[in-house]
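Asks: Use the sequences and the hints to build the structure in full.
Now for the letters of each chain:
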Amino acid sequence: MDPLLEQLLTGFVDESQEIYERITRNLIELENAPAQGTRFDDLARGLHTLKGSAATLGLDELADLAHRMEDAILPLRGSAQPLPPPLADAVLKSLDTWMARLRATAAKTELPDLRPALQLLTQQPAIEPAEVRRAEPAELEEPQTAEETSWRVSTRQVIALLHEVERLREVRLRLDERRRDLDKAAHQIDRLGTQVQTAEARAVLMSMRRALGSDGEEAADIVSSMEDGLKAISTMPVRTVIEPLRRAVRDLTKATGKLARLSVVGAEVSLDRRVLEQLRGPLVHLVRNAVDHGLEMPEVREKAGKYREGALTIRVEQQGNMLFIEVADDGSGIDLTRIREAALRRGVAPVEELATMTTAQMHQLIFRPGFTTRTDVTDVSGRGVGLDVVRDQVHALHGHVEVLSVPGQGTRFILTLPAELGSSPVLVVRCGEHQLGLPMAAVESSRVARARDLRVGRARVQLEHQQQLLPVQDLGALVGLRQPEAPADGQPILIVHAQGRRLALSVDEVIGDKELVIRPLPMEVRDLPAWQGAATLARGELVLILRPDFLVNLEARPESGVTGTRRALVVDDSLTARALHRTTLEAAGYTVHTAASAKQALEQLRHAAYDVMVTDIGMEEMDGFELTAAVRQRPETDGMPILLVSARDSETDRRRGASVGADGFLTKKDCVSGRLLSEVSAVIARRKGLS
Amino acid sequence: MKTQPRQEEAFAPELNALLERRAARVREKPSDAGEESVLWVAEFPVGEDNYAIPLDLLRAAVPLRMVTPVPLSPPHVIGILRFQGQIVTALSLASLLGGRGWREDPAVLLVVDPGFGRLVAVDCERIPKPVGLPLKQVEDARAKATGAVAEVTLPGLRQVQLLDLRELMDRREKR
Numbered sequence: 001m002d003p004l005l006e007q008l009l010t011g012f013v014d015e016s017q018e019i020y021e022r023i024t025r026n027l028i029e030l031e032n033a034p035a036q037g038t039r040f041d042d043l044a045r046g047l048h049t050l051k052g053s054a055a056t057l058g059l060d061e062l063a064d065l066a067h068r069m070e071d072a073i074l075p076l077r078g079s080a081q082p083l084p085p086p087l088a089d090a091v092l093k094s095l096d097t098w099m100a101r102l103r104a105t106a107a108k109t110e111l112p113d114l115r116p117a118l119q120l121l122t123q124q125p126a127i128e129p130a131e132v133r134r135a136e137p138a139e140l141e142e143p144q145t146a147e148e149t150s151w152r153v154s155t156r157q158v159i160a161l162l163h164e165v166e167r168l169r170e171v172r173l174r175l176d177e178r179r180r181d182l183d184k185a186a187h188q189i190d191r192l193g194t195q196v197q198t199a200e201a202r203a204v205l206m207s208m209r210r211a212l213g214s215d216g217e218e219a220a221d222i223v224s225s226m227e228d229g230l231k232a233i234s235t236m237p238v239r240t241v242i243e244p245l246r247r248a249v250r251d252l253t254k255a256t257g258k259l260a261r262l263s264v265v266g267a268e269v270s271l272d273r274r275v276l277e278q279l280r281g282p283l284v285h286l287v288r289n290a291v292d293h294g295l296e297m298p299e300v301r302e303k304a305g306k307y308r309e310g311a312l313t314i315r316v317e318q319q320g321n322m323l324f325i326e327v328a329d330d331g332s333g334i335d336l337t338r339i340r341e342a343a344l345r346r347g348v349a350p351v352e353e354l355a356t357m358t359t360a361q362m363h364q365l366i367f368r369p370g371f372t373t374r375t376d377v378t379d380v381s382g383r384g385v386g387l388d389v390v391r392d393q394v395h396a397l398h399g400h401v402e403v404l405s406v407p408g409q410g411t412r413f414i415l416t417l418p419a420e421l422g423s424s425p426v427l428v429v430r431c432g433e434h435q436l437g438l439p440m441a442a443v444e445s446s447r448v449a450r451a452r453d454l455r456v457g458r459a460r461v462q463l464e465h466q467q468q469l470l471p472v473q474d475l476g477a478l479v480g481l482r483q484p485e486a487p488a489d490g491q492p493i494l495i496v497h498a499q500g501r502r503l504a505l506s507v508d509e510v511i512g513d514k515e516l517v518i519r520p521l522p523m524e525v526r527d528l529p530a531w532q533g534a535a536t537l538a539r540g541e542l543v544l545i546l547r548p549d550f551l552v553n554l555e556a557r558p559e560s561g562v563t564g565t566r567r568a569l570v571v572d573d574s575l576t577a578r579a580l581h582r583t584t585l586e587a588a589g590y591t592v593h594t595a596a597s598a599k600q601a602l603e604q605l606r607h608a609a610y611d612v613m614v615t616d617i618g619m620e621e622m623d624g625f626e627l628t629a630a631v632r633q634r635p636e637t638d639g640m641p642i643l644l645v646s647a648r649d650s651e652t653d654r655r656r657g658a659s660v661g662a663d664g665f666l667t668k669k670d671c672v673s674g675r676l677l678s679e680v681s682a683v684i685a686r687r688k689g690l691s
Numbered sequence: 692m693k694t695q696p697r698q699e700e701a702f703a704p705e706l707n708a709l710l711e712r713r714a715a716r717v718r719e720k721p722s723d724a725g726e727e728s729v730l731w732v733a734e735f736p737v738g739e740d741n742y743a744i745p746l747d748l749l750r751a752a753v754p755l756r757m758v759t760p761v762p763l764s765p766p767h768v769i770g771i772l773r774f775q776g777q778i779v780t781a782l783s784l785a786s787l788l789g790g791r792g793w794r795e796d797p798a799v800l801l802v803v804d805p806g807f808g809r810l811v812a813v814d815c816e817r818i819p820k821p822v823g824l825p826l827k828q829v830e831d832a833r834a835k836a837t838g839a840v841a842e843v844t845l846p847g848l849r850q851v852q853l854l855d856l857r858e859l860m861d862r863r864e865k866r
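Sequence order for the protein chains is A and B.
For the first sequence, my numbering begins at 1 and goes up steadily by one.
For the second sequence, my numbering begins at 692 and goes up steadily by one.
If you are wondering where the hints come from, they were derived from the structure by calculation, not from laboratory data.
On a predicted model such as this, the values are computed, not experimentally measured, just so you know.
The C-beta atom is built at its ideal place from N, Cα and C for all residues, glycine as well.
Just to be clear, a hint being listed does not mean it is correct.
To be clear about the criterion: a stretch of chain B counts as covered by chain A if any three or more of its residues have a C-beta under 8 Å from a C-beta of chain A, and this derived list gives those stretches [unchecked claim]:
hint: 1; segment: 751-762
hint: 2; segment: 766-776
A short, non-exhaustive set of chain B residues, derived as facing chain A with CB atoms under 7 Å [claimed, not checked]:
hint: 3; residue: Ser786
hint: 4; residue: Asp814
hint: 5; residue: Gln852
Replies: Below, the structure written as structure tokens:
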């Protein structure tokens, strides 16, 4: 093929795809509306453009087929009636063949036969031209063409630019941090007095502070304008992917005898082109799945008191740099009995495991490879290929997919994906040693706890807030860091809302709000329901970002600290040591809380009781001996079993441990599962013996 | 494209230089060794045992710091960290192996590519050293191995546990 023609063909395929989607949308709409007006004009214009462009490139067969489609449609212009469904069908099928042929021509693969399409169009009954004026296609306004002075830029180059913008954003954050450092330095100088020497230094610092402030603002402007520019280059509206789904719904409902209407909210949201391209498949699958598995037949819906026509909704929402896409139907919901039967039939899980699974865990089974509840294979489904692919594709985009379903009311699939551009306002709070982020969109307000506003019951704590009683939750307990604590007088409380629910969330400290780029978590922890992602703070450390829906869904959350289980507090300044002790103790049925320092351990012990404390000896500020002594001095903890763990095996340490009140001593190399557990059991038994 | 790490991930310059030298040393294969007959591995201790991973999988050895713990994560997850712009999970190797003892608190993270398209970091007590394991013994050990660890017996009856990290993580995920 002529290289020039080859290049032109590539562009023509892209252009035709857009026109194809437009024509499809118009045909579907005109099946239910009079064949006139701007929609009809746009349809005619599209077919005419396909014909003209194909002829220009010497693709005569395609020009001819487009011409035949025009011939079939144009006599209806101005009609008060909608397009007859058989005609719409014939044109849609011919259009599919047209596109397939064009793609095959560009890809130099086997060309599909055009004859069936031509035959289908010929078979359409002749239509008398409507009485209203019929414009010749030649008179139609030509579609706007792209600016001639465009550049070809590779995706890789755009991605590289995106990453640079992200770096620039981080530089801006660091500038803010430096300005705060300067403030601290100025404050220190202030404390020294107002001597002439310090006044001069202070003036220099203030001038630097102003300069840094102005540099920071300029960097923010640059980030913002670069993002706008890149957005224009690299994104397109979600509509381009969602609109073709109307066709899929139409064809599928016709094939299955069901009725459905697809509504789209947020189609104007613009997204990274690569993301959109990869979302096409998952969305098609979810919509087909909703029609085939979700929606009931019209008569069944009627009996259940629903509209005959099922409602399918796609909702797209971008919050900061996170994107949420929901595909929902108002059908019968996921049938857990059928899931269980299919899981057994396919050997996905043993009976005992299935019996103990929660609803959410059962729902997750539908994402297993090869899983289907169908026993027959249809054109639409039953092959067990699909939802696992959806999940894999969403994972490939660093996102995750969830399913929520209510029997008889419908099913919602929620895809959460990171968007390449943009940042999210996040409120950073402290909880124990952890800094955690909350999307600002979910934070209604903040206040401090006052005893007069708190209603502390045996099972729950409520806060009277603006003449409403809100449930109070301790963030530290929600994320499994400690036992729940009622907020102390003056403790910060955030009023959080999500999914129509409100909650008062107590935290240890509100650090402040920041504009952060939320990135997805790595695969190993991505499916944890508490976390939306992580963001980098100015000094390079990562902060985890909470999911507001996790916070408000109290009943959906797995119980942390189940009553009756044994509780252990592990104190060690080594992250890995804490992880290892946790592994061993949790496997033995303990609920484990951890502390990174003795000070933190004492704080936790002030609020909760533990069955055993396992503590490292070599810690900064306060070591394990001092911690043990401090614990023994408190009446509420003086009888708690304590096991000291040390990196060195020293007789002196053993003796010192015993003298300050420890019940046992173990070296880290002895911490093989059996030894740690047996020693923990031994110290508990020893303490019981003492009491 | 710039190859230096971003400022916020960078450690003190002298530490960075030291790590770079160590990584280069670990990657370096002695020239006099018979390339065909050995598998180059990075060997390091976990408790009383010596473990090894194929050198090809090793991307970096970095100090165990700037790791953010992830509450509610499985116990074998130490936390997450940034490595060359990516967020990487740090895993406790001793925990993955089923809860081993250790001689000193791990101070090093090995960033490895287990072969499923993403990096992970595993902890170890010391910077690993490069060792050539005779291929014959490696093949024998792998043939006998039933799990993620192949026990390679070297001359002098010294034993090295050769890890199949991918298998180890797959098994953990299936649990």
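Asks: All hints are to be evaluated individually against the structure, with a verdict given for each.
Replies: Now for the hints, and whether the structure bears them out:
no.	hint	verdict
1	751-762	holds (count 7)
2	766-776	holds (count 9)
3	Ser786	4 Å, holds
4	Asp814	5 Å, holds
5	Gln852	15 Å, violated
In the structure shown, a violation is registered for the earlier hint numbered 5 alone.
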